[in-house]
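Could you build the full structure based on these sequences and the hints that come with them?
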Amino acid sequence: DSGVTQTPKHLITATGQRVTLRCSPRSGDLSVYWYQQSLDQGLQFLIQYYNGEERAKGNILERFSAQQFPDLHSELNLSSLELGDSALYFCASSLGGQETQYFGPGTRLLVL
Amino acid sequence: GQNIDQPTEMTATEGAIVQINCTYQTSGFNGLFWYQQHAGEAPTFLSYNVLDGLEEKGRFSSFLSRSKGYSYLLLKELQMKDSASYLCAASGGSYIPTFGRGTSLIVHP
Chain A
1 DSGVTQTPKH LITATGQRVT LRCSPRSGDL SVYWYQQSLD QGLQFLIQYY
51 NGEERAKGNI LERFSAQQFP DLHSELNLSS LELGDSALYF CASSLGGQET
101 QYFGPGTRLL VL
Chain B
1 GQNIDQPTEM TATEGAIVQI NCTYQTSGFN GLFWYQQHAG EAPTFLSYNV
51 LDGLEEKGRF SSFLSRSKGY SYLLLKELQM KDSASYLCAA SGGSYIPTFG
101 RGTSLIVHP
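Sequence lines, in order, name chains A and B. Using the working numbering, the letters of the first sequence correspond one by one to residues 1 to 112. Using the working numbering, the letters of the second sequence correspond one by one to residues 1 to 109.
Careful: at least some of the hints might be erroneous.
One side of the interface only, derived from the structure: several residues of chain B facing chain A at Cβ under 10 Å [to be verified]:
1. Ala42
2. Gly58
3. Ile96
If you're looking for bench data, these hints aren't it; they were derived computationally from the structure. Just so you know, even glycine gets a beta-carbon here, dropped at the ideal spot from N, CA and C.
As structure tokens, this is what we get:
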């Protein structure tokens with residue numbers, strides 16, 4: 001158990017819908033990262049937040065957005081969902097911005 | 001830019017030793033991570049190499065050569081539970097690691 005929690009574990013929805021994934025970092029960690037993992041793409045970095053502020057952006061679509069709240073939990077919002085958005089979404093946390101990242105159990109999203 | 005290259009799949013026998021190689025091209029290189037990921041589960045941290053050389057941690061060791069852009073993960077005394085995907089990730093100037101696609105290791109009796 002890494003200490004990072006994610007909810008929900010599974011999510012099934014339809015194309016065009018919007019979902020919110022939630023992540024709570026390890027106690028004391030200030031940085032939260034979001035990744036997408038699909039079979040053909042591997043682990044793709046989406047976005048990083050540090051202490052409530054956006055720190056780095058990766059290959060995140062405009063339909064996707066995220067935020068980190070004062071209690072340091074983070075949410076990833078996915079809208080106008082497409083079939084290709086079906087993937088495992090992982091959250092990771094680290095103490096600051098340069099240390100080892102510890103991953104949560106992931107949310108498996110299936111868009112039908 | 002960032003580029004990580006590792007073999008797609010490897011097989012080995014229980015009790016044997018296996019070496020998983022990784023080559024990288026990363027601007028502003030800081031260090032090299034190895035993670036283990038069982039199917040459908042979260043990646044779990046194995047090692048982080050910053051300096052050249054071999055770091056040993058139980059049955060697992062990781063090696064780094066910064067000048068060659070090369071790393072390997074060495075697994076000794078293989079067990080069935082070591083069957084998993086092994087992800088190599090290079091940390092660059094932004095400190096956001098770029099992950100390879102992973103090497104699927106199959107350990108058979």
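B:Ile96 as an interface hint toward chain A, with CB separation required under 10 Å: Holds - the Cβ of B:Ile96 comes within 10 Å of chain A, reaching about 5 Å at its closest.
Next item in the hint list is B:Ala42. Is there a CB on chain A closer than 10 Å to its CB? With a minimum Cβ separation of about 4 Å from chain A (threshold 10 Å), the hint on B:Ala42 holds.
Taking 10 Å as the limit, does the beta-carbon of B:Gly58 come near enough to a beta-carbon in chain A? B:Gly58 check fails; min Cβ-Cβ to chain A is 17 Å, beyond 10 Å.
Checked against the numbered hints above, the structure violates only hint 2.
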